[in-house]
Amino acid sequence: MNKTIEAKYFDGHSSASQQIIIAFNDTMNEFRLQVADGISFLWQLEDLQFEQYGSLLELRNANYSGAVLKIDNKDFSQQFYEMMKQDRRLDIHSRLLNLGFSKITAIAFCFFCLMVLGYFYVLPPVAERLVVLLPASFDNEIGDIFMETFLNEHDVDTVKTRYLEKFASNLNLKNAKPLRFTVVKSNELNAFALPNGHIVVYTAILDSMNSSDELVALLGHEVSHVNNRHSTKMLCRNLAGYMVISLIFSDINGVMAVLTDNAQQLQSLSYSRTFEQEADEQGLKIIIDNHVDPNGMVKLFDQLEKENDISIPQIISSHPSTEDRKENLQKIISQTVYEVKPNDNLTSIFESLKN
Amino acid sequence: MESPITQNYRLEFFGKGSDYFAIMIVNWLLTLVTLGLYYPWARAKRLRYIYGQTALNDERFHFAGTGKEMFRGFIKLILFYIAIIACYILILKMVNSPLLAILFLYLAIFAIIPFAIHGSFRYKMSKTSYRGIRFGYRGNRNELVKNFFKWFLLTIVTLGFYGAWLEMNIRRYTHQNIRYGDVEFSNQANGGDYFILNFKGYILTLITLGIYAFWWQCDIFNYYIDNMAMVKGEQKIKCYSTATGGGFFSLLVVNALITVFTLGFGKAWADMRTQKFICENIKMEGDINIDEINQTEEEYTNAFGEDAMDFFEIDLA
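As they're listed, the protein sequences go chains Y and V.
Each residue of the first sequence is one higher than the one before, counting from 1 in the numbering used here.
Each residue of the second sequence is one higher than the one before, counting from 1001 in the numbering used here.
Source of the hints: derived by calculation from the structure; they are not laboratory data.
This one's a predicted model, so the numbers in the text were calculated from it and none came from an experiment.
It is possible that some hints are incorrect.
When the alpha-carbon atoms are kept at most 30 Å apart in a straight line, the in silico DSBU-like pairs for lysine-lysine are as follows [claimed, not checked]:
{"no.": "1", "chain 1": "Y", "residue 1": "Lys354", "chain 2": "Y", "residue 2": "Lys185"}
{"no.": "2", "chain 1": "V", "residue 1": "Lys1238", "chain 2": "Y", "residue 2": "Lys8"}
{"no.": "3", "chain 1": "Y", "residue 1": "Lys103", "chain 2": "V", "residue 2": "Lys1276"}
{"no.": "4", "chain 1": "V", "residue 1": "Lys1068", "chain 2": "Y", "residue 2": "Lys85"}
{"no.": "5", "chain 1": "Y", "residue 1": "Lys8", "chain 2": "V", "residue 2": "Lys1124"}
{"no.": "6", "chain 1": "V", "residue 1": "Lys1146", "chain 2": "Y", "residue 2": "Lys70"}
{"no.": "7", "chain 1": "V", "residue 1": "Lys1276", "chain 2": "Y", "residue 2": "Lys8"}
{"no.": "8", "chain 1": "V", "residue 1": "Lys1232", "chain 2": "Y", "residue 2": "Lys70"}
{"no.": "9", "chain 1": "Y", "residue 1": "Lys8", "chain 2": "V", "residue 2": "Lys1267"}
{"no.": "10", "chain 1": "Y", "residue 1": "Lys103", "chain 2": "V", "residue 2": "Lys1267"}
{"no.": "11", "chain 1": "V", "residue 1": "Lys1068", "chain 2": "Y", "residue 2": "Lys103"}
{"no.": "12", "chain 1": "Y", "residue 1": "Lys70", "chain 2": "V", "residue 2": "Lys1283"}
Let the hints inform the model, and build the full structure from the sequences given.
The structure is reproduced here in structure tokens:
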């Protein structure tokens, strides 16, 4: 106890400020607080909590509830801080802060870039791989939940639905799970497949078609989405993406929100370029194996493109350009040997569907 | 006995944007690396800085809340949340009625609000101290819960008109139960005044195509502050605001510009400007001697309510 310093002391009983003398030695492991003549007590370093505001150091003692010691002395404050640093008594937050403004900002910036790279290049494949771990019942369940609300808001065309079922039963769609079909009355040029094998076709898209080949192409495309679990993969990808973004913005509530209200968005899910291409190519294979003209798929795209300005249909979502997809299909068709057999059955059902 | 001397009290804020930014960045980093688990500690760091940079008559405030306490509250909250979601799914499966399930979800989350308000005030006040004397909250939980539902029902019945009363009643009740040692807080806010103030603000904002919004905001702030007072026996401190609509205008517009032009990174500076503005515009006058206040409030370490308020983004200012 060879050094002394003046300090301001609040005893935790009254708000009155007291000027006191504290004594300490170089190791600073204890401080003697001389409160009044003859009254003093000892504060051990290990009981102390501190706050530093420039030259001002505030010490609080876990054993003296409420009491605060305030020492306004630059040298003392610095010496104390160095002691704490050497003793490894600083928490990780303070140690990082110690690096200084520019270093922290630089670290944070690098980290941010890493996160962004990860978000675009690491996350999607990882999330898709993880889908393998999800049981098929998961696909069915989210599909069912979605369909339930969807049917409440849309008008089903029961007659056309029956025809579409009949149309599909005449085809070998190579489906991995049982399929269901529904035609809904709508002016929207749209069709989508749910992960539970439910394929929904809007009346407007049927009306826009000129031949049964196009409908086979549409079904082949949608079935391929189901077979490859594209919806579930995209859902996992989006979910993981939202969670990472929420995390980047330290928005913990956001992470929870994503978990609770994400199943409602199946319909507006836009597939990635690779998924669309995969569905196009596998759809094309289904068409050829059914001895239907593969150019039906190209014609389907032509039709959709023509009426594009009315509404942007889901299956030619702007994401992968329709031009590219058509080119890709034409290239494959030109390299493939295929045999088209006229199918009167399909044609006649298609005619009924159109009316 | 000497006659009390009327004095004024000086509230100041010393926080600097660059310091706050550094704290936020470190918070961000640690929260990210821990996949969000650091969040309560980050919050504690942030609050500790803001409180510590606020001073009344040259003495700083102190926030003693810790990440550990808030983490415990956070875990409780998550468990509670999971329980609610589980019930929600159960109802969905058993009764097969989405409407009922969603109704339950909203009711459950809604029912937690008064408990959260109570818990939050208890925790936050108990953890706030000044000159070694703790703040405290003496409100009765059951009374608040009962009144909350009564006021809320009235709000529904009156198609929302009672909302102003609901808000002010909660404010008055909670604020009147704040203690600073043996100093009691008092609050005279009432729904009628508040309703008229908002009605006027709404109409004028419409007429002026939104420009009056700053003055409306200012009126609300002034109303909050002007109705606050502290009492100790015969002694009293009265609060009043010196904020002006123009002041709010420049505060909020500049803040928006700072935030937008720095792609959000300038928010730390904007937040500091806001705190400074608030502190500089709250004036106090009275005869309570801040040297003679006695410790009366006990410590309270359950942060469940505080975390719930943060989680559901309820801000009672």
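Hint check against the structure, violated hint numbers in rising order: 6 and 9
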